[in-house]
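Based on these hints, arrange chain B on the given structure of chain A.
Letter by letter, the chains look like this.
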Amino acid sequence: AQRVTQPEKLLSVFKGAPVELKCNYSYSGSPELFWYVQYSRQRLQLLLRHISRESIKGFTADLNKGETSFHLKKPFAQEEDSAMYYCALSGYQAGTALIFGKGTTLSVSS
Amino acid sequence: DSGVTQTPKHLITATGQRVTLRCSPRSGDLSVYWYQQSLDQGLQFLIQYYNGEERAKGNILERFSAQQFPDLHSELNLSSLELGDSALYFCASSARDSRLNEQFFGPGTRLTVL
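Residue numbers (the working numbering), protein chains in the order written: chain A, 1 to 110; chain B, 1001 to 1114.
Some hints could be false.
[Stated by the list, open to error] With beta-carbon atoms standing in for the labels, derived distance ranges:
id, chain 1, residue 1, chain 2, residue 2, range
1, A, Pro18, B, Gly1042, 21 to 31 Å
2, B, His1073, A, Glu79, 33 to 43 Å
3, B, Ala1095, A, Ser40, 25 to 35 Å
4, B, Ile1060, A, Gln45, 16 to 26 Å
5, A, Lys65, B, Ala1095, 23 to 33 Å
6, A, Thr105, B, Asn1059, 16 to 26 Å
7, B, Thr1013, A, Gly66, 44 to 54 Å
8, B, Gly1016, A, Pro75, 49 to 59 Å
9, A, Pro75, B, Lys1057, 39 to 49 Å
10, A, Ser30, B, Gln1017, 36 to 46 Å
11, A, Lys57, B, Ile1060, 31 to 41 Å
12, B, Gly1042, A, Lys57, 16 to 26 Å
13, B, Ser1079, A, Pro75, 48 to 58 Å
14, B, Ala1095, A, Pro7, 25 to 35 Å
[Unchecked claim] EDC-like cross-link-like pairs, simulated, lysine to aspartate or glutamate; straight-line CA separation at most 20 Å:
id, chain 1, residue 1, chain 2, residue 2
15, A, Lys9, B, Asp1040
16, A, Lys57, B, Glu1102
17, B, Lys1057, A, Glu32
18, A, Lys102, B, Asp1040
[Claimed, not checked] A few chain A residues that don't get close to chain B, going by computed Cβ distances all over 10 Å:
id, residue
19, Leu10
20, Ala17
21, Asn24
22, Ser28
23, Tyr39
24, Arg53
25, Val108
No lab work stands behind these hints: they were computed from the structure.
Where is the CB? At the ideal position from N, CA and C, for every residue including glycine.
Just chain A, same shape as in the assembly (with noise of 0.2 Å):
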């Protein structure tokens, strides 16, 4: 069955400090992974994808197909990092549709 888990619901850090947003998946194949970020009123837009490889305001996300995750990294967060991230895959099963992790709260302070 194709899942996302995302473990953490919420993730409190200083800024400054590293973070680190976990996503594990289960899919039989090789899925598109995402992350997706939705901060306080916008709507839900997309971070970074693993195929991109790039980095965005400073996030970088590795795919390590062996232990089938995708966490999102950044060393220093800063407090506009604040927000709701959720990792997506998306396969054939699925179509091109996304199936979506249940998201994990960022919130960083000073």
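Using the frame of chain A, we list chain B on its own:
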């Protein structure tokens, strides 16, 4: 606004009723996806349309149906509503039917069934 638009923003109705949610995709996008977000289930894929035709189905109840019109806007019809249908319904659009295409989300319609 050239982004995805959804109407209405809020909808309050009673059990047993029927409602229609509307979505206009970004200009030029051919694919429309509907998602339901509830507290217990999170964000779940309901159904996808591509250029007027149904492309994929997810966890969509038989009481729910959708369609995409020639101008590419889409409507999600929810009938025989139950309390458990209360949720935020999102529409998303993408340029093509590809796993690599970014999906752009609308602001959502909040449905409350009393």
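(request) Provide an ascending list of the numbers of those earlier hints which the structure does not satisfy. (result) none
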